[in-house]
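Student: Now for the letters of each chain:
Number of protein chains: 4
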Amino acid sequence: MERLLAEEKVFKDPVHKSVYVQDELIWNLINSREFQRLRRIRQLGTSYLTFHGAEHSRFSHSLGVYEITRRIISQFERNEYKDWPREERLPALCAALLHDLGHGPFSHSIEAVFDTDHEDWTCRIIMGETEVNQILREVDETFPARVAAIIKKQYDKPIVVNLVSSQMDADRMDYLLRDAYFTGVHYGTFDLERILRVLRPHQGRIVVKESGMHAVEDYLMSRYQMYWQIYFHPVTRSSEIILRHIFGRAKELYHNGYQFEWLPKPLLKLFQGELTTSDYFLLDEALAQTVFMAWSDERDEWLSDLCRRFLHRRLYKEVIVSDHNEALYEEARQQLRQAGLHPDYHLEVDFPFDLPYDVYRPDAGNGKKNSEKPPILLLDSEGGLSEISARSDIIRSLTGLHQDKHRWYFPDDLLRPVAHRLDSHIRAIFGY
Amino acid sequence: MERLLAEEKVFKDPVHKSVYVQDELIWNLINSREFQRLRRIRQLGTSYLTFHGAEHSRFSHSLGVYEITRRIISQFERNEYKDWPREERLPALCAALLHDLGHGPFSHSIEAVFDTDHEDWTCRIIMGETEVNQILREVDETFPARVAAIIKKQYDKPIVVNLVSSQMDADRMDYLLRDAYFTGVHYGTFDLERILRVLRPHQGRIVVKESGMHAVEDYLMSRYQMYWQIYFHPVTRSSEIILRHIFGRAKELYHNGYQFEWLPKPLLKLFQGELTTSDYFLLDEALAQTVFMAWSDERDEWLSDLCRRFLHRRLYKEVIVSDHNEALYEEARQQLRQAGLHPDYHLEVDFPFDLPYDVYRPDAGNGKKNSEKPPILLLDSEGGLSEISARSDIIRSLTGLHQDKHRWYFPDDLLRPVAHRLDSHIRAIFGY
Amino acid sequence: MERLLAEEKVFKDPVHKSVYVQDELIWNLINSREFQRLRRIRQLGTSYLTFHGAEHSRFSHSLGVYEITRRIISQFERNEYKDWPREERLPALCAALLHDLGHGPFSHSIEAVFDTDHEDWTCRIIMGETEVNQILREVDETFPARVAAIIKKQYDKPIVVNLVSSQMDADRMDYLLRDAYFTGVHYGTFDLERILRVLRPHQGRIVVKESGMHAVEDYLMSRYQMYWQIYFHPVTRSSEIILRHIFGRAKELYHNGYQFEWLPKPLLKLFQGELTTSDYFLLDEALAQTVFMAWSDERDEWLSDLCRRFLHRRLYKEVIVSDHNEALYEEARQQLRQAGLHPDYHLEVDFPFDLPYDVYRPDAGNGKKNSEKPPILLLDSEGGLSEISARSDIIRSLTGLHQDKHRWYFPDDLLRPVAHRLDSHIRAIFGY
Amino acid sequence: MERLLAEEKVFKDPVHKSVYVQDELIWNLINSREFQRLRRIRQLGTSYLTFHGAEHSRFSHSLGVYEITRRIISQFERNEYKDWPREERLPALCAALLHDLGHGPFSHSIEAVFDTDHEDWTCRIIMGETEVNQILREVDETFPARVAAIIKKQYDKPIVVNLVSSQMDADRMDYLLRDAYFTGVHYGTFDLERILRVLRPHQGRIVVKESGMHAVEDYLMSRYQMYWQIYFHPVTRSSEIILRHIFGRAKELYHNGYQFEWLPKPLLKLFQGELTTSDYFLLDEALAQTVFMAWSDERDEWLSDLCRRFLHRRLYKEVIVSDHNEALYEEARQQLRQAGLHPDYHLEVDFPFDLPYDVYRPDAGNGKKNSEKPPILLLDSEGGLSEISARSDIIRSLTGLHQDKHRWYFPDDLLRPVAHRLDSHIRAIFGY
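Those protein sequence lines, which keep their order, are chains D, W, V and E. Going by the numbering used here, the first sequence opens with residue 16, and the numbers climb by one from there. Going by the numbering used here, the second sequence opens with residue 16, and the numbers climb by one from there. Going by the numbering used here, the third sequence opens with residue 16, and the numbers climb by one from there. Going by the numbering used here, the fourth sequence opens with residue 16, and the numbers climb by one from there.
Keep in mind that the hints are not guaranteed to be accurate.
Remember, identical chains collapse to one label, so a pair may be satisfied in a single copy or spanning two.
[Unchecked claim] Derived pair list, reagent style DSSO-like, types lysine-lysine, alpha-carbon separation capped at 30 Å:
| # | residue 1 | residue 2 |
| --- | --- | --- |
| 1 | K266 | K27 |
| 2 | K97 | K224 |
| 3 | K420 | K167 |
| 4 | K32 | K280 |
| 5 | K280 | K168 |
| 6 | K24 | K332 |
| 7 | K266 | K332 |
| 8 | K332 | K32 |
| 9 | K32 | K266 |
| 10 | K27 | K172 |
| 11 | K224 | K332 |
| 12 | K420 | K332 |
Just so you know, these hints were derived from the structure itself, not from any lab.
I would like the entire structure built from these sequences, with the hints used as guidance.
Tutor: Structure (structure tokens):
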């Protein structure tokens with residue numbers, strides 16, 4: 016089952032310096048067409064419009080998650096920790112490598128409009144008629160299902176799920192470091208080597224040696240900073256709003272019988288809700304951008320306007336509305352409509368919030384969800400376990416729900432010329 | 016003319032930490048649709064297939080070249096060097112920012128097949144009916160032509176051309192550092208701050224203070240290493256060969272009257288040799304990849320095979336052929352043909368060479384050309400100038416033409432099954 | 016007054032890359048014998064026994080504080096902020112450079128035993144018959160007193176004091192970054208460039224632009240981590256305890272009329288409480304270590320034992336005593352005495368605590384005191400000010416008093432052989 | 016023999032991030048008083064007077080050499096290379112750790128004046144009555160001699176000597192990286208991880224896999240740059256000249272019967288040529304600096320002047336003398352004497368040269384000698400070996416003897432006032 020490569024393969028990686036592949040199985044998975052497709056999906060969606068360095072793909076992130084998982088397991092094996100089930104090495108590595116396989120272009124926006132879920136797609140690809148499935152089945156017929164179960168967090172050995180998906184898993188560790196590296200911000204860096212050194216398999220879970228508490232604090236602080244500095248950056252949110260409107264408008268037009276100049280098959284199937292894995296394979300960012308470019312000249316004014324905004328980065332402006340409420344928002348919508356704008360496309364409210372670390376609550380309700388993520392446990396020298404926020408003031412303070420202000424997004428270029436038509440208190444909100 | 020922004024704009028940049036924009040003109044150029052298009056063109060073409068981090072765009076490189084130029088000029092101004100013509104600040108900054116505007120997707124391959132030149136396209140965009148042209152003309156009617164002249168190295172003040180295009184210009188300094196950062200290799204790093212500190216405007220040229228000689232050595236050594244480690248990497252060359260064959264085959268088919276399932280307008284115009292700037296605007300990497308994806312299912316077997324190879328990274332294998340000569344190569348082609356392969360698509364010879372630093376020769380004959388690049392001059396404390404390779408042993412040794420070996424590239428998966436049909440000495444070359 | 020050097024001097028600095036000196040005054044101060052003496056005083060006292068890289072001197076830190084101050088002021092001047100009093104540039108730079116001039120070898124231990132204060136010594140050196148005083152007086156006769164007043168925080172322009180001494184001053188910013196660099200830990204790094212960019216002179220104080228809040232959070236988090244990871248590291252505390260005992264024992268012996276084999280003059284004067292600035296000049300770490308080496312062979316057994324422990328790094332072991340109280344401690348002392356040890360030298364309790372950021376309390380009571388340090392103020396876009404912990408959850412959580420556990424330190428090699436003589440519950444505490 | 020620690024010990028190291036100790040033997044050696052003494056000897060002697068960050072000790076370098084050696088051997092073992100003699104692991108690690116044990120304070124200067132050799136001292140300490148010897152003998156009685164033989168390059172297994180002492184050994188790799196880190200220069204960095212990955216044990220030697228050639232080029236280029244930028248920096252050379260003169264003058268005075276105010280025993284024994292290992296133990300940089308401080312007030316004017324120069328960094332100035340020859344130098348000496356200076360102390364010529372990589376010549380004749388260092392061999396895929404400079408243009412160009420210009424060093428403050436007494440052509444040389 017565990018066939019090794021004649022010679023270890025090494026990928027140069029800017030974040031981990033090197034990614035090492037020793038297993039033939041992993042090597043074959045990396046070379047599958049479904050995994051290579053991840054090169055055409057950006058890791059951070061539209062963030063590159065805010066941080067121009069953030070052009071890295073899910074391909075490099077996936078290799079990074081694999082590498083961190085490999086290092087953790089290799090450390091467990093070197094130290095011969097008896098609580099680590101050695102036979103789980105290969106399933107864990109495969110799950111780490113493949114966990115993002117189902118991401119489409121600009122997933123967050125597409126999922127919001129079409130009600131799809133990238134984790135489902137990951138499992139469909141693993142279980143479907145794909146190269147990845149074929150490669151996994153070479154281990155044995157049940158192997159694809161085992162890998163999928165880990166990714167769906169339904170595997171019967173929680174310690175394996177822990178590695179790939181928990182409050183301090185290989186996925187997060189890689190994306191915090193990688194996104195920090197490529198955006199060029201400092202906040203996301205923490206001492207990975209130190210954290211790897213204090214992880215321990217312990218009675219069916221991954222826990223942290225007590226002496227590693229400060230390293231975990233540093234990691235959670237990085238996570239907090241990355242959310243508020245990068246992932247929730249207003250310019251990024253603005254571009255996501257534009258994207259959602261593009262997909263939303265196109266879907267609406269389709270269902271109204273509009274004839275597109277060009278509507279490639281994968282999008283048609285997406286509109287019809289009948290996407291197959293082979294259609295899905297074609298749906299990458301190159302296709303999305305090519306479609307946006309074509310739609311820049313569509314007859315429908317709103318669609319073409321939105322596409323041009325996205326491609327040429329003429330995003331919506333944002334204002335903080337400290338006294339936001341539904342009535343006020345509705346009033347603003349009304350006045351925009353009277354002024355000739357279309358509030359469904361030209362006004363949007365956004366209110367990001369996050370739980371950087373959550374002990375109790377089942378779901379943080381946000382794009383990057385914490386739901387079902389097991390807590391971080393500290394292992395003291397006597398073998399006792401404690402939930403980390405009971406021990407660290409800092410982490411306790413990070414545990415509460417963090418919220419941004421309400422922000423309204425709108426097209427300044429369209430609203431400014433007609434702003435005199437707005438009531439003065441609404442006008443004031445928009446800063447005119 | 017030099018209208019400043021009310022507040023300086025700052026871009027976070029992973030290589031230079033920050034990119035500062037003070038001029039309204041620069042800000043407007045960055046926001047033009049032609050400049051935003053550079054986000055859709057990768058800086059290193061196909062290198063991301065070798066170094067997965069190398070997914071950065073020409074947009075970020077262009078900002079970097081602008082920033083280095085800005086720092087050099089700002090240092091000249093702060094020190095009030097009299098040999099720096101202060102009125103050239105804005106033209107120099109514009110030329111730095113825009114110098115790569117004409118790059119298309121995978122330029123090297125497209126230029127080889129269609130005999131186009133990205134520098135010409137840069138100037139066509141600057142001079143044509145574009146947003147960039149309109150913004151530049153706000154300075155005055157002759158301003159676009161001045162900027163274009165700097166880029167074409169025909170400007171009447173060589174010191175300005177020097178900044179943007181010489182053996183140690185802002186362009187190279189940025190790409191060496193940036194490509195090193197994103198690939199994750201160490202070789203390309205050198206001490207930029209130190210080099211900026213020793214540059215001096217001197218009698219119409221940029222020269223280097225004598226004490227900076229070792230810093231220049233280090234820079235040229237980086238350049239040497241980057242060429243051989245990154246730019247000439249056999250896997251990258253292999254993917255470029257595939258790309259050239261894709262474009263070559265498609266062009267051939269078109270001229271033979273073949274009917275493509277899908278041939279978007281910009282490619283049609285490219286085949287017809289009638290590309291306009293507005294067609295060119297549409298020709299980005301998203302389009303190229305979408306076309307390759309579509310052509311993966313074309314009826315023409317060779318074209319579809321090549322496209323699948325590129326998209327799924329099933330590249331040609333390479334062997335070093337130390338006794339390569341034309342006769343041997345022709346013999347191999349014959350035998351491949353007899354074995355059922357098509358040598359025009361299935362065999363390619365490659366022989367990279369480079370002049371990392373050239374004093375005398377007018378043209379190094381390579382993709383990254385040195386032609387007409389003025390030499391690096393050292394300024395001693397008495398005001399004397401000397402060409403740097405006369406002073407540094409290391410640089411003298413880097414000055415000669417460096418050559419790789421001849422390598423043959425071929426599809427291992429197609430050749431291996433029929434290798435028994437080859438003569439034994441030819442078979443041995445291919446390693447069967 | 017502000018004579019500039021013909022050519023700017025540049026020091027290569029591993030933390031700030033370069034330190035720039037433009038003023039003749041600064042250059043002369045750096046070259047004074049009192050400032051050069053700082054090369055012979057380590058920045059982190061005994062921390063090098065825990066983190067072997069921490070061998071850097073107060074000389075390099077002082078240059079760093081100067082450089083950060085220089086960058087802040089230079090930014091204020093470049094932006095022509097009207098609230099910055101331009102005539103304070105030179106006094107501020109001098110205070111930044113000289114603020115640590117009065118540090119002696121292992122200051123914390125010496126100050127604890129001999130009740131001296133390095134800030135007093137700094138001012139004595141600035142005001143006394145020294146090269147530094149002579150150089151400062153070249154500006155004018157009152158100049159040394161102005162510089163001393165800034166360091167004593169009694170200057171009539173609080174904004175200048177703010178720069179050098181506040182909750183986010185140039186001193187702390189340098190030592191966090193520098194100590195992190197030399198120890199090799201990751202925690203102390205924060206984005207200096209970003210913080211410098213958001214500082215603003217505002218109505219007699221230095222405040223932070225609102226958009227800089229997250230950067231300040233990151234800085235305070237670094238500070239928190241550095242205290243608990245580095246400055247309060249038990250091994251470092253153990254070596255400081257040994258040092259305090261060395262000085263304490265020698266002082267006691269001296270006052271009991273003991274004849275030392277060798278007692279160099281500066282130490283004699285220290286014991287007599289009659290140290291002059293010229294004696295003080297001789298009192299550096301080289302002398303201290305040479306004395307410890309000599310005292311390793313002193314007849315007094317305790318003194319020689321302590322010195323050998325320090326030099327050969329045979330430090331006291333430490334145990335956490337969660338139920339520490341005075342009675343228990345006294346009981347342990349009694350039993351140690353009965354077992355033949357000397358509790359005054361062989362047992363010590365330590366209880367580090369810190370206020371990483373304090374809004375209200377006048378004094379954190381710790382070695383690194385916060386007393387009188389003005390709070391960090393955020394400046395919003397309407398010109399309003401708010402104390403930062405009112406805005407940031409993280410900072411609010413860092414504001415409380417942080418405490419370690421009680422730890423007892425003792426010589427394991429001496430206690431272990433006689434441990435059977437201790438009562439079992441005391442023996443258990445020591446881990447025997 | 017190979018007793019492992021119950022728990023691996025980890026040192027935080029800024030260069031290698033972590034240094035891992037698994038063997039009880041290594042742990043005990045590190046804790047020996049002779050090894051701890053290396054904390055009191057700076058790695059770069061007087062370089063801290065030029066680069067203020069260069070205050071690191073031979074202790075941290077020695078740990079670094081050990082760590083690199085450990086990583087190389089661990090890689091050999093993990094890959095089960097049969098040409099690596101597994102039983103040599105512990106001797107190799109000990110030799111790596113202890114190779115610099117015999118360094119005294121400012122070794123280069125002391126060795127020049129007193130004709131001692133630190134390698135001899137290393138072996139005397141290993142073989143003498145020391146803690147280190149005792150610890151080594153616990154392995155077996157012959158073990159100290161085996162370790163000493165490796166250090167003396169007389170071991171019967173050259174592959175072990177190779178690791179610790181060759182043209183690309185663990186010693187150099189660590190000092191280049193470490194000195195670059197602490198000085199803050201960029202030049203010394205190269206890709207250590209890559210180099211470690213291409214080393215192979217091969218028929219009794221360490222060789223380099225062919226694909227590692229460019230990494231070796233980069234390493235040698237770094238070495239070249241570090242020599243000319245750091246190790247041969249004129250300010251450092253000037254301070255070494257002062258030091259040599261201090262020791263030379265003191266020795267001369269001693270042999271003339273001069274009575275020193277203070278002459279500590281280790282120095283007395285050094286002057287008498289009768290230093291024992293226990294005297295040597297006392298001879299560290301703290302003692303040397305304390306002596307210099309005391310001698311600053313010696314009656315002998317030259318000695319006290321030299322000591323003050325060193326302590327307060329009032330070094331000799333240097334001029335480049337392009338037409339230096341013996342006659343000219345003698346003439347200058349004569350004129351200095353007539354002008355009232357003492358040429359033996361007040362004029363010195365320096366002419367640094369180096370062989371960064373030498374294939375043929377037995378000795379480069381310089382402080383950092385290449386003598387007997389085996390060449391770097393490339394191993395190709397067929398198992399063939401070639402000397403690396405036969406394959407790399409760059410290395411061939413680095414192979415020649417590199418020389419600086421002749422520089423004269425002199426006390427500007429003393430010579431300037433009497434410069435009018437010099438002949439004009441001599442005066443011109445000194446720049447008056």
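Student: Hint by hint, say whether it matches the structure.
Tutor: Going through the hints against the structure:
| no. | hint | verdict |
| --- | --- | --- |
| 1 | K266 with K27 | neither (41 Å within a copy, 36 Å between copies) |
| 2 | K97 with K224 | within (16 Å within a copy, 38 Å between copies) |
| 3 | K420 with K167 | neither (33 Å within a copy, 42 Å between copies) |
| 4 | K32 with K280 | neither (40 Å within a copy, 43 Å between copies) |
| 5 | K280 with K168 | neither (33 Å within a copy, 47 Å between copies) |
| 6 | K24 with K332 | between (47 Å within a copy, 16 Å between copies) |
| 7 | K266 with K332 | within (25 Å within a copy, 45 Å between copies) |
| 8 | K332 with K32 | between (39 Å within a copy, 26 Å between copies) |
| 9 | K32 with K266 | neither (43 Å within a copy, 41 Å between copies) |
| 10 | K27 with K172 | neither (32 Å within a copy, 35 Å between copies) |
| 11 | K224 with K332 | between (47 Å within a copy, 21 Å between copies) |
| 12 | K420 with K332 | within (15 Å within a copy, 51 Å between copies) |
Of the hints listed earlier, those the structure fails to meet are numbers 1, 3, 4, 5, 9, 10, in rising order.
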